[in-house]
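Colleague: Those letters in the sequence shown? Residues 1 to 316, per this note's numbering, in order.
Just so you know, these hints were derived from the structure itself, not from any lab. Don't take each hint at face value.
Said to hold, decoys possible - With a cut-off of at most 16 Å between alpha-carbon atoms, the simulated EDC-like pairs for lysine to aspartate or glutamate come out as follows:
(1) K178 - E151
(2) K178 - D131
(3) K257 - D235
(4) K257 - E285
(5) K178 - D59
(6) K257 - E268
(7) K178 - D61
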Amino acid sequence: MRVAYLGGIFALAVAGYAGLSLLLADRFTSLRRAREDRAIAASPADEGLPFEDVTFSADVDGLVISGWLIPRTDSATAVIMIPSGGAHRLNASIDQLRLEGGQLRLARALWERGHTVLLYDPRGTGRSEGDRLSYGSLEARDLIGALRFLEGRSYPAQRVGVLAWSMGAATALFALPKVRYGGLVVDSGLGGFSHEEIARYAARALGLPLPIVRVATRVLTFGAFAAARLLWGMDLGAQAADVLRRHPVPTLVIHGKADSQVPVSSGEEIARAAGDALIGAHLLEGVEHVGAYAADPAWYAETVCAAFAEMLKRGD
Numbered sequence: 001m002r003v004a005y006l007g008g009i010f011a012l013a014v015a016g017y018a019g020l021s022l023l024l025a026d027r028f029t030s031l032r033r034a035r036e037d038r039a040i041a042a043s044p045a046d047e048g049l050p051f052e053d054v055t056f057s058a059d060v061d062g063l064v065i066s067g068w069l070i071p072r073t074d075s076a077t078a079v080i081m082i083p084s085g086g087a088h089r090l091n092a093s094i095d096q097l098r099l100e101g102g103q104l105r106l107a108r109a110l111w112e113r114g115h116t117v118l119l120y121d122p123r124g125t126g127r128s129e130g131d132r133l134s135y136g137s138l139e140a141r142d143l144i145g146a147l148r149f150l151e152g153r154s155y156p157a158q159r160v161g162v163l164a165w166s167m168g169a170a171t172a173l174f175a176l177p178k179v180r181y182g183g184l185v186v187d188s189g190l191g192g193f194s195h196e197e198i199a200r201y202a203a204r205a206l207g208l209p210l211p212i213v214r215v216a217t218r219v220l221t222f223g224a225f226a227a228a229r230l231l232w233g234m235d236l237g238a239q240a241a242d243v244l245r246r247h248p249v250p251t252l253v254i255h256g257k258a259d260s261q262v263p264v265s266s267g268e269e270i271a272r273a274a275g276d277a278l279i280g281a282h283l284l285e286g287v288e289h290v291g292a293y294a295a296d297p298a299w300y301a302e303t304v305c306a307a308f309a310e311m312l313k314r315g316d
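Required output: the full structure, derived from the provided sequences and hints.
Modeller: This is the structure in structure tokens:
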């Protein structure tokens, strides 16, 4: 009788753990938002730029990804711009929109320097298909699709640079084993999750106080990550910076020392992972998450453009 009782308690505990793990995994990865949150309210025409509405298929699962191509017929190089998790082509970060419309102004600066530019909505945002956020592991499929799309427009991967904000950095790094592009600029880059970062994301997703979530995630992280892998094929525990160590590309790091979302230590880790491929690291005093552009737009545009000029010249 006692054995049956204890067995019942154990079964209830396992079921409870599994249920809470599934709940955390769902909340941690869900992108079910109102359609108005996905609206695209501007266009490259606002900056006087030529553009095409384009779509392409993501690698593996074939989700339809939507974006803008800003072409230069005299260009041999291209730059892809990747926003953070949950943000569409015109937002660097869904939580803190500190780029303040700078995507299109940066696109114009890159276009004026001779690059074709591609901006797109990662899966589950803007006009693209999908409803899950994987913190880079599945979004890498979107980038691989973008690189293949550009290859079809006569831009081989080694002549393409990637400009990525926040979680977009993880997207860019997870794509490297399959497609090696010409260079990477990372702003406020997420190189992988520490426990504290998992707790902060989960607290926002669940709407609960951080101290409570901090304790709960220590217990539930394993189950939540296992559920995400089983249900949606996501590898939430993968460390993007480790991928860069194995597949280095020319890399520039920009990160604010006052970043409260992705700590500056993440940018430092990406810089170390780049090794000899690192062309520079700007760790900026008093700058918040995705705040470098707003702090000094002229410096930011010049720094990014100069980096791509150096990186993509290596593809010659």
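Colleague: If a hint holds in the structure, say so; if it does not, say that too.
Modeller: How the hints compare with the structure:
1. K178 - E151: Distance of about 14 Å is within 16 Å: holds.
2. K178 - D131: violated (24 Å)
3. K257 - D235: violated (28 Å)
4. K257 - E285: Cα-Cα ~5 Å, so holds.
5. K178 - D59: Given that 16 Å is the threshold and the Cα spacing comes to 10 Å, the pair holds.
6. K257 - E268: Since the Cα atoms of K257 and E268 sit roughly 10 Å apart, the hinted pair holds (cutoff 16 Å).
7. K178 - D61: Distance ~15 Å between K178 and D61 Cα, so the pair holds.
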